[in-house]
Amino acid sequence: MSGRGPGLAGLAVAAVLAAVLAVSVGPAGIPAAEVVRWAGGGGASLPEAHRLILTEVRLPRALTGACVGALLGVSGAILQGLLRNPLAEPYLLGVSSGAALAVTAAVLLGLPAFVLGIYAMPLVAFAGALVALAAVYFLARARGRLQVTTLILAGVVVSAFLSAVAMLFAFLSGPRYLEILAWLMGRLEPLTASAIEWTAAITVLGMALAWAQARDLNALILGEEVAESLGVGVEAAKRRLFILSSLLTGAAVAAAGPIGFVGLIAPHICRLITGPDHRVLVPASALCGAAIVLFADAVARVVVAPSELPAGVVTSLLGGPFFLVLLMRHARMTGRVR
Amino acid sequence: MAAVCGRPMISCRGLSAGYGAHSVLHRVSFALRSGTVTGILGPNGSGKSTLLRCLARLLPPSAGSVEFDGTDLFRDLAPRAAARRIALVPQEEAPAHALTVREVVELGRTPHIGRFGWLHRRDRIAAGHAMREMDIHRAAERLLDELSGGERKRAVVARALAQEAGVLLLDEPTAHLDVRHALDLLGLLRRLARRGRTVVIASHEFWQLARGCDRLLLLDRGRLAADGTPRRVLGSRACARAFGVRIRRGQGLTFDIPGRRVQSDRRMSNVKT
Chain A
2 MSGRGPGLAG
12 LAVAAVLAAV
22 LAVSVGPAGI
32 PAAEVVRWAG
42 GGGASLPEAH
52 RLILTEVRLP
62 RALTGACVGA
72 LLGVSGAILQ
82 GLLRNPLAEP
92 YLLGVSSGAA
102 LAVTAAVLLG
112 LPAFVLGIYA
122 MPLVAFAGAL
132 VALAAVYFLA
142 RARGRLQVTT
152 LILAGVVVSA
162 FLSAVAMLFA
172 FLSGPRYLEI
182 LAWLMGRLEP
192 LTASAIEWTA
202 AITVLGMALA
212 WAQARDLNAL
222 ILGEEVAESL
232 GVGVEAAKRR
242 LFILSSLLTG
252 AAVAAAGPIG
262 FVGLIAPHIC
272 RLITGPDHRV
282 LVPASALCGA
292 AIVLFADAVA
302 RVVVAPSELP
312 AGVVTSLLGG
322 PFFLVLLMRH
332 ARMTGRVR
Chain B
3 MAAVCGRPMI
13 SCRGLSAGYG
23 AHSVLHRVSF
33 ALRSGTVTGI
43 LGPNGSGKST
53 LLRCLARLLP
63 PSAGSVEFDG
73 TDLFRDLAPR
83 AAARRIALVP
93 QEEAPAHALT
103 VREVVELGRT
113 PHIGRFGWLH
123 RRDRIAAGHA
133 MREMDIHRAA
143 ERLLDELSGG
153 ERKRAVVARA
163 LAQEAGVLLL
173 DEPTAHLDVR
183 HALDLLGLLR
193 RLARRGRTVV
203 IASHEFWQLA
213 RGCDRLLLLD
223 RGRLAADGTP
233 RRVLGSRACA
243 RAFGVRIRRG
253 QGLTFDIPGR
263 RVQSDRRMSN
273 VKT
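Chains A and B supply the protein sequences, listed in that same order. Numbered according to the numbering used here, the first sequence spans residues 2 to 339. Numbered according to the numbering used here, the second sequence spans residues 3 to 275.
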């Protein structure tokens, strides 16, 4: 309770620091102090080359990264709340893979990124995400109650299958093989200005929609039946939340490919800092997710310079051990309590 | 509250319900008045929880109807509207995350607040009032998992009170409670009824129902087998049939399993609340 205001402020500071780091590192190092001074309006002191790198390359990329992180963080928070599963996450549940497969197929089939002036890729990805999430949910539910580990197992299976299909498509595509493969690992591509604007707009809209689910998500902490007795139309709420998390994941994947584990790590860190209340958890997970992706992208550009890693590789390197710790803690708890 | 005292708040007419092809309740009819504590008694599997779920608008009837104050609960009341009128205290609940008592009780305001979940002053007042009423306000900032079973139960009842619903349904409210805490809770429920609430307790603990209730409904394999004062229902032949035990009426209530005396509640009924 008491840590909410300071917690949110701390996460905001972390996101800003990660953004400064993300725009200052790279092949041409721009000192952070210079970036801050430029952001404060002292643009005259910045060399023209640096100014161009900032405005044309790094800021758009950082904005994309921040949006992707926020989308994934909130999507993870929603899935964990909706499924009452601490291990739920768009990447592990195959939602990201579904979105990625849909985008890969659309690109290879020659679908233009913009249809009638509308950025089509997030919609394609949204459809793929929704189908994958529905598949996982019904696979896991086929055996009655929704068990924490059964759901993750179903997700991993669906994810592996869909990823394999996407890779098959990539392979069959011939010359673009490597490019698509790197994207499938989760990489912040240079997007067109218009695509970034669309992504930012979807992010803002998605955050607002997610925030408007806070009451129902909070009631769901107590279980579906209790939530229903508190007046939450649980089936309708679940449908809304499934669609919303698919939309958020789809927009993130359309922008940067399937970046893993952000949706797992961000809500967990935030719950430790601000508690489980979704009124705070939703904006906190957005900030934390943004910070994680920006940080991962900065690391990805530094460790193998002058080349660069896909950011998804870095988040997975962080997320894998994190997942294991959570899984072991969960196993210990279920072993003792149930 | 006094004005509505005695009005039928919840009534079932020919209520049948079940799960898919498995029907549990068969044509149950009764009406519950405000200001009373009613016990739903029956052996395991007799349909107590199913009946409670129907009254809580969680399980739609397969036939018949449930009415709240003259309105059809399932046809004419939206979930949120129903939750402002009827509160349920489930037997067990396991929050997915560690919540403080205050957070749990404030969730009782869910049917009163907007979708962003922000509480107004009157929501905080209602939650605070509910916590004081259940004497759990001193533990408001503690985590639910740190509390004893009795305190946890009081926190959950406080959440139901924060709902400000006129009807309070409790499923096995005294399970996991020792006799002292069970008696405290029963006393509290009585006080709530005296102030105009309609309280319904589903349980299979004879002595508690005998002590805590004005009226008992006996369920036997999904049918309403007896309906009346605790003394009458517990002493009825229907009750003996339902449970397969003989019940003798004396100073207190004595329960015999044929051939063996198991429990006398005479001492228990002398415990002062």
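Just so you know, these hints were derived from the structure itself, not from any lab. Take these hints with a grain of salt, some might be off.
Covered stretches of chain A (in silico footprint by chain B; criterion: 3 or more residues with CB under 8 angstroms from a CB of chain B, positions within the stretch not fixed) [unchecked claim]: (1) 208 to 214; (2) 226 to 240; (3) 270 to 278; (4) 308 to 315.
The beta-carbon is built from N, C-alpha and C at its ideal position, and this holds for glycine as well.
Go check the stretch 208 to 214 of chain A versus chain B for me, would you? Three or more residues, Cβ under 8 angstroms, otherwise it fails. Satisfied; 3 residues make the cut.
Quick one: see if chain B covers the stretch 226 to 240 of chain A, three-plus residues with Cβ-Cβ under 8 angstroms. holds (count 9)
Report holds or violated for chain B covering the stretch 270 to 278 of chain A, Cβ cut-off 8 angstroms, minimum 3 residues. Since three or more residues must qualify, the claim that chain B covers the stretch 270 to 278 of chain A holds, with 4 doing so at under 8 angstroms.
Closer than 8 angstroms, Cβ to Cβ, for at least three residues: run that test on the stretch 308 to 315 of chain A against chain B and report holds or violated. violated (count 0)
Consistency with the previously given hints fails for number 4 only.
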